[in-house]
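**Student:** Chain by chain, the residues run as shown.
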Amino acid sequence: MIELVRGNRARVEFDAFVSAHTEQLLRTAYLVVWDLAEAEDLVQDTLLRIAKRWPRVRAMEHPTAYARKVLVNLALDGSKRRARRERELDGSPPADRLDRASSRALWQVDARSELIEALGALPPRQRAVLVMRYFLDLPEAEVAAALGCSLGTVKSTASRGLARLEQNLSTRSALP
Amino acid sequence: MIEEHELREVFAARAADVGPGAVARLSHADYRPRMSRVGSPAALGALAATAATAAGVAWLVGLGAGTSNAFAGWSPSPTTGSSVQNARAQAACAARLPAGAHDAKPVLSDTRGPYTVTIYSRAATCISGPTFTSVSGARATSGFAYGGPQGIALSGAHMTTRDGHAYTMVQGRAGDDVKSATLVLSDDSRVKATVANGWFAAWWPGSHDAVRAELATPTGTRTQTLRTGGPACTGSGPCTLSTGHGSGPTLHTGP
Chain A
17 MIELVRGNRA
27 RVEFDAFVSA
37 HTEQLLRTAY
47 LVVWDLAEAE
57 DLVQDTLLRI
67 AKRWPRVRAM
77 EHPTAYARKV
87 LVNLALDGSK
97 RRARRERELD
107 GSPPADRLDR
117 ASSRALWQVD
127 ARSELIEALG
137 ALPPRQRAVL
147 VMRYFLDLPE
157 AEVAAALGCS
167 LGTVKSTASR
177 GLARLEQNLS
187 TRSALP
Chain B
12 MIEEHELREV
22 FAARAADVGP
32 GAVARLSHAD
42 YRPRMSRVGS
52 PAALGALAAT
62 AATAAGVAWL
72 VGLGAGTSNA
82 FAGWSPSPTT
92 GSSVQNARAQ
102 AACAARLPAG
112 AHDAKPVLSD
122 TRGPYTVTIY
132 SRAATCISGP
142 TFTSVSGARA
152 TSGFAYGGPQ
162 GIALSGAHMT
172 TRDGHAYTMV
182 QGRAGDDVKS
192 ATLVLSDDSR
202 VKATVANGWF
212 AAWWPGSHDA
222 VRAELATPTG
232 TRTQTLRTGG
242 PACTGSGPCT
252 LSTGHGSGPT
262 LHTGP
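Going line by line, the protein sequences match chains A and B. Counting with our numbering, you get residues 17 to 192 for the letters of the first sequence. Counting with our numbering, you get residues 12 to 266 for the letters of the second sequence.
One thing to keep in mind: the hints can contain errors.
[To be verified] Not the full set, but computed from the structure, chain B residues with beta-carbon under 7 Å of chain A:
no.	residue
1	I13
2	R19
3	F22
4	V29
5	V34
6	L37
7	S38
8	Y42
[Stated by the list, open to error] Here are some chain A residues pointing at chain B (derived, C-beta under 10 Å):
no.	residue
9	T38
10	T44
11	Y46
12	I66
13	L185
Think of the hints as simulated: they come from the structure by calculation, not from any bench. A quick note: this is a predicted structure, and the numbers were derived from the prediction, not measured. In this text, a Cβ means the ideal position worked out from N, Cα and C, and glycines have one as well.
Please model the complete structure; the sequences and the hints are all you need to start from.
**Tutor:** This is the structure we're talking about:
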């Protein structure tokens with residue numbers, strides 16, 4: 017009976033955890049992988065893993081940080097697999113006379129959209145660092161903990177990410 | 012120089028794409044061991060591709076030829092949609108266009124029974140059915156291949172799922188002389204594409220690839236081989252369409 021009560025309590029706590037954190041996990045996943053369907057998949061995987069280890073996770077000082085760590089690492093591990101699955105087949109074949117002007121016109125959008133596009137073109141690891149720093153507002157030490165890397169690596173990855181963003185934006189604005 | 016506040020704003024704007032429906036689906040799933048997972052498009056897309064590879068015939072029986080309950084009313088030839096259906100599809104799609112494609116204009120609509128596919132040039136593709144609307148975004152490129160006046164050139168192809176049921180969609184440019192296009196799938200079934208405004212589009216339940224296209228031109232019917240897994244169309248010669256399995260970059264899915 018005691019075990020049953022404990023089990024019920026753990027389940028209630030897990031349900032509360034899911035209810036409280038799913039939205040933020042999904043938003044984070046979406047920003048890291050840049051694809052909503054893939055993000056949903058990642059959140060499911062994350063919550064399944066946490067469910068299996070819930071007795072240990074619930075005893076942690078920061079279960080949310082653990083969930084974030086699982087999520088981000090699953091996202092980065094899966095980035096290559098995901099790239100293979102995406103088959104939009106627009107791999108920039110030689111440009112031709114048909115659509116050059118129209119496609120360029122379609123993407124003459126405001127600066128925010130340009131920045132969104134440039135963020136989407138970042139390598140997932142660089143984007144993950146920027147997401148954790150500027151969307152989740154995590155200190156660098158927590159980003160390092162989530163990625164399992166040093167503080168210096170977080171700083172250099174963020175720096176490279178920002179530099180690449182600038183470069184992407186410059187390239188876009190230089191298009192005739 | 013990018014300011015921190017710009018990044019915060021852009022991330023917040025992008026994160027707002029996550030709707031309550033997706034959160035509710037994930038929140039209400041049962042994560043206890045041995046319980047089934049909710050059906051995410053990406054997961055099931057991969058599963059569908061694997062299943063189709065392993066047991067293609069069984070898959071066809073379940074989903075092909077328009078007999079699937081999941082796509083009831085689908086037809087291998089385009090139909091004429093009512094004005095109400097068309098208007099509803101356009102509104103549903105426009106509301107879900109990805110960032111950067113809000114100004115995109117539809118260039119082609121393909122109607123098959125209660126389903127309407129709308130192609131927004133290179134910006135996005137939308138499918139709207141009686142109970143769902145899904146938009147796939149495409150990355151911007153400076154241009155894409157030209158299949159010649161009597162050919163077609165693929166600009167997008169992907170297999171994805173709806174409620175666990177696979178469907179495959181292809182679209183691209185059609186040469187000026189292409190009056191109609193019929194796609195022959197790997198199971199020998201045929202799907203007639205919609206051809207209009209220099210574009211073509213077709214979709215079908217299941218995960219079979221298109222292996223060739225029969226193109227009606229002023230000089231007769233021309234067959235264009237479509238080889239799966241090959242390079243995308245890159246020139247004016249015989250075009251090789253490279254269709255693939257994958258979930259596709261579905262950006263928004265809603266009721």
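**Student:** Determine for every hint whether it applies to the structure shown.
**Tutor:** Hint check:
1. I13: holds, 6 Å
2. R19: holds, 5 Å
3. F22: holds, 4 Å
4. V29: holds, 5 Å
5. V34: The hint holds - V34 of chain B has a Cβ within 7 Å of chain A, the shortest such distance being about 5 Å.
6. L37: Interface hint status for L37 of chain B: holds (5 Å vs cutoff 7 Å).
7. S38: Interface hint status for S38 of chain B: holds (5 Å vs cutoff 7 Å).
8. Y42: Y42 of chain B check passes; min Cβ-Cβ to chain A is 4 Å, inside 7 Å.
9. T38: Holds, because the Cβ-Cβ distance from T38 of chain A to chain B comes to roughly 5 Å (cut-off 10 Å).
10. T44: The hint holds - T44 of chain A has a Cβ within 10 Å of chain B, the shortest such distance being about 8 Å.
11. Y46: holds, 6 Å
12. I66: holds, 8 Å
13. L185: With a closest approach of 8 Å, the L185 of chain A hint holds.
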